[in-house]
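Throw the hints in and build the complete structure from the sequences for me.
From first to last, the protein sequence lines are chains L and D.
Anchor point for the first sequence: position 185 equals 754 in my numbering, and the numbering is continuous, going up by one each time.
Anchor point for the second sequence: position 185 equals 310 in my numbering, and the numbering is continuous, going up by one each time.
A couple of the hints might just be wrong.
[Said to hold, decoys possible] Some chain D residues near chain L, calculated using beta-carbon distances under 7 Å:
| id | residue |
| --- | --- |
| 1 | ASP140 |
| 2 | GLU156 |
| 3 | LYS176 |
| 4 | PHE179 |
| 5 | ALA180 |
| 6 | LEU182 |
| 7 | THR184 |
| 8 | VAL185 |
| 9 | VAL187 |
| 10 | PRO188 |
| 11 | PHE191 |
| 12 | LEU193 |
| 13 | MET197 |
| 14 | ILE198 |
| 15 | ARG216 |
It should be emphasised that the hints constitute simulated quantities derived from the structure, not laboratory data.
We put the beta carbon where it would ideally sit given N, CA and C, even for glycine.
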Amino acid sequence: MTDALEPSDEHLVSLSKDGSLDAFNSLVDRYQGPVYNLCLRLIADPGAAEDAAQEAFLSAFRAINRFEGGNVRSWLLRIAANQSKDELRRRARRGPQESLSAPRPDGQSIDLPDPAENQQAYVERMAVGFEIQQALLSLPFEQRQAVILSDLHGLHYEEIATSTGASVGTVKSRIHRGRERLRVMISAQPELFGRSRRLDG
Amino acid sequence: MRLTLPGHRHRHLIDAFVDGELAPASAARFEAHMAGCPRCRASVEAASELKQTFASLTTVPVPRSFRLSAGMIAAPAPPLAATPIPLVLVRVAAAASVAAFAFAATLGLAPGRDGDRSTAFRDEAGTLESASAKDAPGMAEISGAAPLTDSSANDAELTPPGIASPLNGGDVAGAGMATSVVPVSTASPRTGGDVHSAGGAGPASASPAAAPEPAAPSSALSRSGSESTGDGGPPRVVVLGLIALAAVAILSILEFRRRGTS
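This is how it looks when you write it as structure tokens:
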């Protein structure tokens with residue numbers, strides 16, 4: 570992730586602990602993609618995900634002196650997940666909100682079209698992405714978080730355990746249960762997923 | 126399309142294998158098993174494709190930079206963010222305070238004014254009948270015993286069966302409500318006898334001894350709260366009332382703050 574010319578995470582954390590905002594912003598530049606995407610997949614609302622990501626970095630900066638070392642990305646993703654969870658709680662208290670799962674009047678989508686992609690492929694990808702996001706949203710938060718971190722962010726179980734504060738055994742269980750539910754939900758739409766992928770055994 | 130293999134004894138290994146999380150020795154054993162197990166092979170293939178399907182979700186470019194500015198970090202941290210208020214505890218405390226106040230007020234005001242006091246039985250149809258001296262001997266010495274009004278049907282439910290009994294001066298059995306038994310000494314110093322409550326018995330089991338003359342089959346002992354506007358309640362009522370008021374005020378403030386921040 571970092572080459573020889575870039576300072577290590579540990580060095581940037583150390584400088585941040587000394588009060589260097591520039592050093593912390595280098596960490597922001599490095600990890601804002603994963604942090605925002607995690608918030609987006611957990612909340613499924615671009616605007617709310619943006620707020621959660623910003624709050625996550627602000628919280629991380631304020632708590633930087635309590636960071637005792639380890640994987641910076643896992644630590645930031647944990648804070649982002651907590652911010653997303655808080656946002657979901659606030660939204661649950663406010664009632665139903667417009668989200669990614671509902672058609673957006675402005676046509677905005679979280680999956681931007683690739684100019685090189687033909688229209689049919691783009692529509693199919695959008696449809697699959699929409700259904701995947703729908704299926705993810707139906708999972709309990711902890712299972713959703715574990716599946717997203719594993720399959721979308723490529724984290725190992727140990728890293729997910731660090732990010733979620735759970736044991737590796739719990740992470741395994743959450744991923745297994747989450748995928749089982751996802752398989753059932755996706756299998757209910759063979760016309761969508763059968764075109765490009767064969768998911769059945 | 127079947128995505129799961131119910132009952133297969135290696136199901137728990139499949140996700141870990143697909144994620145590359147099995148220890149090398151375990152992975153080698155599982156691969157050896159798969160060579161002769163078409164069900165496991167199919168499951169691994171399905172799990173791999175599902176994983177790839179999810180991994181195919183596009184990584185979205187960040188809509189803007191999330192770099193922090195000096196102004197952002199200078200702003201004070203939100204006070205409630207780190208330690209959310211256990212609102213449910215406050216709600217329980219407020220409800221308990223109000224209930225305690227209502228209970229104490231009902232108890233405490235009962236012996237306050239003899240002239241306004243009365244006892245009656247209220248049947249399910251809502252008919253209130255004044256207890257006569259014949260039915261409740263202790264009532265004979267109480268002047269001005271008036272029929273109860275039906276202004277406090279809810280109060281009646283909160284009123285434990287022992288409340289009305291001190292005025293009777295005798296035993297009252299089968300009060301017919303499952304609420305707690307009120308100690309006689311607490312309920313009234315004028316009580317002349319024991320008070321019994323038919324614990325756990327419903328209104329339908331009210332004893333004829335406590336029922337009005339044409340003993341209604343399902344009458345409940347009740348007492349009106351309309352006379353509970355008496356003067357000079359015991360200090361404990363005032364104290365509990367203040368506590369309840371404070372608890373409700375705190376709850377209201379927290380609710381408004383919560384709604385304001387969400």
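Consistency of the hints with the structure:
no.: 1; hint: ASP140; in the structure: 5 Å, holds
no.: 2; hint: GLU156; in the structure: 17 Å, violated
no.: 3; hint: LYS176; in the structure: 5 Å, holds
no.: 4; hint: PHE179; in the structure: 4 Å, holds
no.: 5; hint: ALA180; in the structure: 5 Å, holds
no.: 6; hint: LEU182; in the structure: 6 Å, holds
no.: 7; hint: THR184; in the structure: 6 Å, holds
no.: 8; hint: VAL185; in the structure: 5 Å, holds
no.: 9; hint: VAL187; in the structure: 5 Å, holds
no.: 10; hint: PRO188; in the structure: 6 Å, holds
no.: 11; hint: PHE191; in the structure: 5 Å, holds
no.: 12; hint: LEU193; in the structure: 6 Å, holds
no.: 13; hint: MET197; in the structure: 6 Å, holds
no.: 14; hint: ILE198; in the structure: 6 Å, holds
no.: 15; hint: ARG216; in the structure: 14 Å, violated
The earlier numbered hints that this structure contradicts are 2 and 15.
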